[in-house]
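Trainee: Here is what each chain is made of, one letter per residue.
Number of protein chains: 2
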Amino acid sequence: MNIRTIDGGVTAAKGFKAAGYAAGVKYENRLDMAMVYSEKPCVAAGTFTSNVVKAAPVLWDRRIVRETDGSVRAVVVNTGIANAGTGEEGLRLCEETAAKAAESLGTDRDEVLIGSTGVIGPQLNMTAILNGVERLAGMLSDSREAAHTASQAIMTTDTHPKECAVTFTVDGKTVTLGGMAKGSGMIHPNMCTMLGYITTDIKISKKMLQQALSQVVPDTFNMISVDGDTSTNDTLLVLANGEAGNKEIVSEDADYDAFREALFQVTRDLAIQLAGDGEGATKLITCHVVNAADRDKAKILAKSVITSNLTKAAFYGNDANWGRILCAMGYSGAQFDPERLDIFFDAEGCSRIQLYHDGSGQPFSEEEATALLKHEEVVITCDMKEGPEEATAWGCDLTHEYVNINADYRS
Amino acid sequence: MNIRTIDGGVTAAKGFKAAGYAAGVKYENRLDMAMVYSEKPCVAAGTFTSNVVKAAPVLWDRRIVRETDGSVRAVVVNTGIANAGTGEEGLRLCEETAAKAAESLGTDRDEVLIGSTGVIGPQLNMTAILNGVERLAGMLSDSREAAHTASQAIMTTDTHPKECAVTFTVDGKTVTLGGMAKGSGMIHPNMCTMLGYITTDIKISKKMLQQALSQVVPDTFNMISVDGDTSTNDTLLVLANGEAGNKEIVSEDADYDAFREALFQVTRDLAIQLAGDGEGATKLITCHVVNAADRDKAKILAKSVITSNLTKAAFYGNDANWGRILCAMGYSGAQFDPERLDIFFDAEGCSRIQLYHDGSGQPFSEEEATALLKHEEVVITCDMKEGPEEATAWGCDLTHEYVNINADYRS
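Order-wise, the sequence lines are chains H and Z. Per this note's numbering, the first sequence starts with residue 10, numbered consecutively. Per this note's numbering, the second sequence starts with residue 10, numbered consecutively.
It should be emphasised that the hints constitute simulated quantities derived from the structure, not laboratory data. Take the hints with a grain of salt, since some may be wrong.
Ranges of calculated distance between the beta carbons of each label pair, as one might list FRET restraints [claimed, not checked]: (1) H:304 to Z:374: 51 to 61 Å; (2) Z:342 to H:223: 12 to 22 Å; (3) Z:348 to H:169: 29 to 39 Å; (4) Z:14 to H:169: 49 to 59 Å; (5) H:169 to Z:38: 34 to 44 Å; (6) H:360 to Z:97: 22 to 32 Å; (7) Z:303 to H:98: 22 to 32 Å; (8) Z:168 to H:376: 39 to 49 Å.
Okay, derived cross-link-like pairs now, SDA-like style, lysine to any residue, Cα gap no bigger than 20 Å in a straight line [said to hold, decoys possible]: (9) H:383 to Z:416; (10) Z:49 to Z:383; (11) H:383 to Z:35; (12) Z:63 to H:369; (13) Z:63 to H:348; (14) H:256 to H:266; (15) Z:216 to Z:146; (16) Z:394 to Z:347; (17) Z:383 to H:416; (18) Z:63 to H:375; (19) H:35 to H:168; (20) Z:35 to H:375.
We put the beta carbon where it would ideally sit given N, CA and C, even for glycine.
Using the sequences plus the hints, can you model the full thing?
Mentor: Now the structure itself:
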């Protein structure tokens, strides 16, 4: 399929506008609110946190996406305060935010989705939020810059914004898909991750949009981890406004396959950006489990490796301590034969290093291994030699800076 | 029951001797091998790691404890090298160690249990090990000092040795139970923990000894976590030589109950010592979940809280960031109503601080909370208000020093 990556974000698809604003929700002079808007009504799909403690905006969005057939026109996001652990008052403030956005945009309250991220516990600062919503509505633009500002405005401890866009052809029409996401702590998605917003001009039914999203999330956002903590606020939304003019996708045909592949690429790209920019991270760690007997096992093994604190700390120290990888596979819950398994390290421009073969460590140059591990992207390959399945998970190292950030997050 | 804590370790019970020695397995001039010996044959019980990758000594001990009816006379432990991920050669070296000990002690090879801890991967340095075994056999003593030296010799990154002993009465006879254990990284026991050795002079059948151990481990060693990594080497052994002269315990009678309670106290004491001395830890964190609908749920919730990296980092920073506790409960897998739940902090000499009540944060003095969190032992209480069950888990904070230790462990 001819899917081409382009420079862009949430305004790349036709008919979408965005804005970012420093509303002063928790800090002054820092972009902390974003809005995404579609002139035409959109169908929306979403995946949400599996955490029993769900933030108010998660409850709000889930109701609109899952329980109504209605269209969506806008998304409003704030950082600084997560609006989680805030009880009924938190839900009321979420509703009030949506009502204000509806009023400012001339839409219905139930056409506005909400996202929040930040400290769990405090109630929203509504003076800042309501003022922010009004200002954002007046600043909306379909420019590349507007999308970029919005992607900056949803950041918390992220060190850079995450955006991605692709274009492809469906039914003879050019379709565009663009998105933004934010990390970067409390990242261990289960259903989906933190905050991610994807917009597209494809014409697709709500049912097929949700199906495509549900199919790509388990292999992308759900395969990354920064710290093993599944957030209360994880939300990934896709809005499709149909402006590309293609014949509406209503079944699993070739057009659907093309769209799903494009959505897979965008979600994978954003997920990898999140893993590599985990709190305090100095490198992206990819674990590729190959030749496994079944795919679920491959996924469990890959995710266990990139979640292991000891493995992550060893990577921070550029220490080729492969025993910790083997150990993390061993306690993952997946069954396998440790006497029949190979482990390798790869990095761009380096010769592959084999560390383990069928039950015993292999001789390797510590110097070469350390040089390889100093790269910003390191790949661990675990060859199970038992079948045709594979899986990939992405994570980052565990660093002093992670402890710095999280020992003093609220202040 | 009249169970009294006494000063002592693995030589506290009648008929047990111990020794520690600097054998040079990996480092020079550092106590790194220990031996425990009973003049009389012992019945033995054990719990072992659930990690699929099991170290050679785990396979060796498990066979002897589970698959033979034979007695046990000695345990030999080395640190520095874990003899895990070492394949058939590793098993052969384990066997060779046991054979050497049997020769030196005049016992059978299958009466010798082995424990190893340290780096996963390399083969044992057998020159050092075999010399060490011979020296240890010549140094055995039933003195308090010998037990202490042995407890020092099984340490790796532990900052202090862990010992515990109690005495109580069964069938009119004084019975003693003493033990030692080591942590302090790769600690997230599942079945049992790292290395722990308990000796007792009680007369008890092998079956009842194993039953008592299996009953106390789920609430003690299996309720602590330092870093979420379940080791390849976790082993907890209990040896009983019958020297107390009581009528043999062969069923669940009052004598069994007294013994099980004493064993519970010793395992809990050692487990708490391990949690508080986790790698890099500055404090012991106890999470007490009370008034839960069922006990399994209470255990899952308590363990999820003390395993959360974000919660652990906040405690390091003395930051009363209770939202992370609520979040960790939420992703634990246990179902509960976050709108009906209270969270408190306690520490010795401090007034209790309530942080959360029925869906919303409670006002509290940040100054008082920080002062409380600076204590070396902090208790989190989560009141579920839904039933009669409770559970306790123990962990430690996540610190810069944890990263220091684990970014550079092998060298």
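Trainee: Please go over all the hints and tell whether each is borne out by the structure.
Mentor: So, going through the hints one by one against the coordinates:
1. H:304 to Z:374: 51 to 61 Å: This hint holds: roughly 52 Å between Cβ atoms.
2. Z:342 to H:223: 12 to 22 Å: The hint (12 to 22 Å, Cβ to Cβ) holds, given that residue 342 of chain Z and residue 223 of chain H are roughly 21 Å apart.
3. Z:348 to H:169: 29 to 39 Å: holds, 37 Å
4. Z:14 to H:169: 49 to 59 Å: holds, 56 Å
5. H:169 to Z:38: 34 to 44 Å: Cβ of residue 169 of chain H to Cβ of residue 38 of chain Z: about 48 Å, so the range 34 to 44 Å is violated.
6. H:360 to Z:97: 22 to 32 Å: Holds: the Cβ-Cβ distance is about 29 Å, inside 22 to 32 Å.
7. Z:303 to H:98: 22 to 32 Å: Holds - the Cβ-Cβ distance for residue 303 of chain Z and residue 98 of chain H, about 31 Å, lies within 22 to 32 Å.
8. Z:168 to H:376: 39 to 49 Å: Hint violated: Cβ distance 32 Å, outside 39 to 49 Å.
9. H:383 to Z:416: holds, 13 Å
10. Z:49 to Z:383: violated, 48 Å
11. H:383 to Z:35: violated, 26 Å
12. Z:63 to H:369: Roughly 13 Å between the alpha carbons, so the hint for residue 63 of chain Z and residue 369 of chain H holds.
13. Z:63 to H:348: Status holds; Cα separation ~11 Å.
14. H:256 to H:266: holds, 14 Å
15. Z:216 to Z:146: The given pair, whose Cα atoms are some 29 Å apart, is violated under the 20 Å limit.
16. Z:394 to Z:347: holds, 11 Å
17. Z:383 to H:416: At roughly 13 Å apart (the allowed maximum being 20 Å), residue 416 of chain H and residue 383 of chain Z satisfy the hint.
18. Z:63 to H:375: violated, 25 Å
19. H:35 to H:168: The given pair, whose Cα atoms are some 18 Å apart, holds under the 20 Å limit.
20. Z:35 to H:375: holds, 17 Å
Of the numbered hints given earlier, the model fails hints 5, 8, 10, 11, 15, 18; all others are met.
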